[in-house]
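With the hints as a guide, bring both chains together as one complex.
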Amino acid sequence: MIPANAAKIPHGRFRTTDATVPKVMQQGALTPWLYLTPAIIIMFIFIVYPAANTFYLSFRNSANTDWAGAACAPLEPCWGILENYRYALTSEIMRIAFFNNLMWILIMVSATVGLGLLVAVLADRVRYEPFAKALIFMPMAISFVGAGVIWKFVYDYRPGSDQIGLLNAILAALGGQPIPWLTVPLLNIVMLNVVGVWVWTGFCMTILAAAVKGVPSELLEAARLDGASELQVFRQITVPIIMPTIAVVVTTMVINVLKIFDIVYVMTGGNYGTQVIANQMYIEQYTNFQTGRAAAIAVVLIAVILPAMYFNIRRFREQEATR
Amino acid sequence: MRVSKNFGQRLSGLPKHLVLLGICLVWIVPTVGLLVTSFRPAQEVTDSGWWTVFNPPKGRASYQTFCASCHGENGDAIPSANLADPAVIGQFTRSIQLQAVLRKQFNGQPHMGSVPFPNAQETADILNYLRVLSGIQRTQQFTLDNYVDALVGYRGRGTYTQDCAAGTQPVDLKCDFFDLANPRGMGRAFLNTLIVAIPATILPIFIAAFAAYAFAWLHFPLRLWMFALLVGLQVVPLQMTLIPISRLYASLGLNGTFLAVWLFHTGFGLPYAIYLQRNFLGSLPRELFESAYLDGASHWTAFWKLAVPLAMPAIASLAIFQFLWVWNDLLVALVFLGGENPVLTYQISNMVTSLGSGWQVLTAAAFLSMLLPMIIFFSLQRYFVRGMLAGSVKG
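Just so you know, the sequences run in chain order A and B. Under the working numbering, the first residue of the first sequence is numbered 352, with each subsequent residue one higher. Under the working numbering, the first residue of the second sequence is numbered 654, with each subsequent residue one higher.
Bound conformation, chain B alone (with noise of 0.2 Å):
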């Protein structure tokens, strides 16, 4: 009975595991495609889709309708004729000379005997399927390749291990270390990323926190009005910043530098980070401090021993909050950095509108750009859904 009556409800519980588990496919499949083509070589990225990754080589099947019944499954079946040895099959370099010699007698008797002829394309596939059979053409179906490519920047026909080793790469690569400094590169964008994203989530935080405790625990006359304006500048929007800031650096002469996201992030990251620690600080129990200014702390003093450290769980939220949205953020890289220092964003929204490098680099170069937000994602979970949700009203 009790069997029973589990399995009807495992039964009538099937649509909502059906919907769910869809949605998760649907949600996992396009990244899974991703990562899956940026360990492909590149003619095999632009000859099959990604979900053949395991499907057998190119032309087996025509091999064994026309082939495999005399030479076997290997090839090697007939000694005098062992389709398996490179000497033999690295006479035919094009499928039409495969083409002559199976319309050849063999024996006094047709080469294919009672199997019907094949036709242009499946013998170009068998001759493909050969090739690899013999180990003439590697079929590698993993590669880290493209991650090499997209690291030094490499755009050239071949890769970038193929042209050192020939001794013909760009005048850009010097195949040495120092490639990884290339400005092409996501190596640099990715050094360049984190020279933006440290100081970017730092310095509002650390600000922040200053203002935060004097909204929280000091007196000064226009507080809560004060906090209110805080709060409606939370809300404008990137866009109505923009113009007027890059007229200004352009006077400056800040344009393309670090310094001038540093301070715009700074500058956007403020009110959301006063408002944030602030809201925490001033949900301390009071006692807490009245006890440590009777003992004769100073504010200074209960700023860094008390609040500081007590802040410690909404700053780690804020904190990775701000790195993925500067991590993560376009327009203003664009804007004020541009191609004199390009961040991971810029590189690749270049590489895709160029057009220049293939599917394979710009998987690999997109997935570099993922990892880090990946890890912080999956490792600190808790923390970065929080600073998500909370700071889902920034500009």
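Isolated chain A (complex conformation) (with noise of 0.2 Å):
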């Protein structure tokens, strides 16, 4: 069901040459403003402003009366007006947040990829490939609040024998004692990693699918000839080919793992000790009310992913270039 050419985003070519326009078509130069300006201005409010306060904003205090600082007591630690940075990048709640973004990030983009990379080349050799595709790409169309639902309801927990939650009950089944998934710490961020992982894997399978297919066949053909095993093939031709593809997948999963909310939101608020720097940024917002330091974490947070996405963007015009 799913294309095997869909990756080849027909439509998402990314042009750094001017496509000269026709000069039969030069035009007043009051037109093309005509058709620009309701975007420009739109943009301006919604993206350009906003970004440019929060960046203001990070170092205010709270109530935007003064410059973040100002009320620093003296002989306590204080960084003057970065003040509110020191809480983003130093305070105990901040680096647990720090640590478990890092923990999402190795497991989550290790296991999207590895699965997605597993899944596509498995199924590029079945007859059931876009039924097992679908399957897997089925998640990306729910929301995260679903997802964290249907994943509750597996990790389900109560004391005793009879289990509702399948996973517990397959424990049970086992011998074992019920856990409760959710609530012990370090066990709890994989848990809430294997429901990102269920709904991110179908993206990254659906990309490197097309990259996998797109490895020469005769290239394959010719090192199965030699004598090369099938694992042999995989590791030393389709993948060094589709490396490029794999770096594109990582950094785009290391960026959409940044910024997950939703799913700690729903499935354990933050706590149990699962902070995520998104998470924490939305709690100082709107539950403490301590606009600066959210905003400090707002920033923190874009100058965390930025690297990712330079990379990613280079990339893909590289690859747009040889294309």
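These aren't lab readings, by the way, just hints derived from the structure by calculation. Where is the CB? At the ideal position from N, CA and C, for every residue including glycine. A couple of the hints might just be wrong.
As the list claims (entries may be wrong) - Between beta-carbon pairs, the in silico distance windows are:
hint	chain 1	residue 1	chain 2	residue 2	range
1	A	478	B	685	20 to 30 Å
2	A	572	B	844	34 to 44 Å
3	A	537	B	909	32 to 42 Å
4	B	768	A	476	56 to 66 Å
Laid out in structure tokens, this is it:
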């Protein structure tokens, strides 16, 4: 059901050269602005101005009445105007959030890309490929909130023997004790990651599948004739050829993981040590009313995302150039 | 020879099928569990896992061990003690009464004869099964009550239908058609989500189409430079803009209104929508446009008669992506709409965290929220996948 060339987004080309407009199509100097102005005004109000304002607010106190750090007590640690950043970078709760986001990156990115690649390669060799791919891509259609409910039910825990959560029921059938999956520190982060992996693997799979199909079959055949095993063919031919695609998928996933919010919000609310950056930002602004701190966290978030984004766009352009 | 070769090939392909089908199984089972649970009665959901839905009723095994040899499989083998008769079983309201009867002598012989005596739990299970057998206790395995409860926002101990029949419904429900508009219900939330998602899909695509046309086929200074800026705007995360916009909305009194979310989604959807449509329009052959101008068409005509119809495949992918993005969004709805005009994701996340309603209603509510995305996914898969992939860099 998913077309093999789905990832070759025909309308997603990144153009770096200016396709010169034909001479006959020259128009008055005012015309382009009639087409552009509505979009420019809205984008300015909703993206440019707020982003700049967030940056400014990150240096202000919570009520935006003075610079951050103005009320710093002497002899206590204070970064002056960067006081909110001291909070965003060194406070206990944010250290936990950074650690958790790092865990998310390590677990979820490797799992989605690894599983996605596995399914892409395996599905390429079976007749029910479209069916398998549709099944695995399906979670992309539903909300993180819906996915959270689905998996919270799988993780359901109650003391005693009668379990209605699938995972604890399996554990009980194997003779184990039920585990409160979402409240045990560290284990709960893994369990939240499973939800993320369930949602995002289909995305990685689809992009990687297109790359796998793009590997020239003569190359594969030649290697097989030379006596290479399937595993060798995969590791020494397929993987090196699709490496640029893997890199793009990895960075895209890193960006997605850094912004993860809904899954944590719905499943644990950031409790039991599962706090992540985006979630803490929401709490600072809408629960603690610490606007300056929330703004600083947002700036830190974009600062962390930017390198991955830069890498991604550059890669994308390189690929387009060679296509 | 050929058969054995085929067989050998199949056998060597077995691991890949096992791995792939195993993964598929893991992927689908949680959703199946949700779907099955949403159709089970509340009592069943709390008593047993959804995978037991095809198991024989509780207590049947105990009944067969202790009673079936004399009373028969269906309990009516002894006409004078017909266990399938509600009048007989109705006398036993608690299992201790049943146990008392079992201890009594029967025709001068011990009631149980050579059969061992059931313990308290087993007696309770047997009585439970007899109540089912005699029809006193209904064992419905399938019900639509959960969906009704979710749609009208019923939060009580029974079900909406039961309460309405008894006239004991909560004060916020009237037991008529207008309950579907109850602000606590999923029916209203579904409507609210549609009200949010449709304009929030059309507006950005419409406004972006003009800008995209300008970027593709009009001449103006700094064109490339501005387009590069646009690519940069795509990557700004949502979190970066939330605080100033909510302050702006607060000063304008826009918080909690649909207009607030429409505008926000429009602003945030624009860079990506322009980018995608520009690239599509820019890849169209320029001779097409040239000849149109030579025939005397203005830019306005070329835009409406040439660019928009040709860009329809791109617009379809874009529309599906944007619609599902808005439909599935929690953060923006949480911040700008909140409880005043609750959408599906907001309502569900509230149900999860408040623990006010049982799994049966929560699963039904979750499935209601997935219904439309699933339909779109399975009917428009090609466009859906394209839109998803192209939109993967969106902030």
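Tested hints:
1. A:478 x B:685: 20 to 30 Å: holds, 23 Å
2. A:572 x B:844: 34 to 44 Å: violated, 57 Å
3. A:537 x B:909: 32 to 42 Å: holds, 39 Å
4. B:768 x A:476: 56 to 66 Å: holds, 58 Å
Comparing the model with each numbered hint stated earlier shows that hint 2 is the single one that does not hold.
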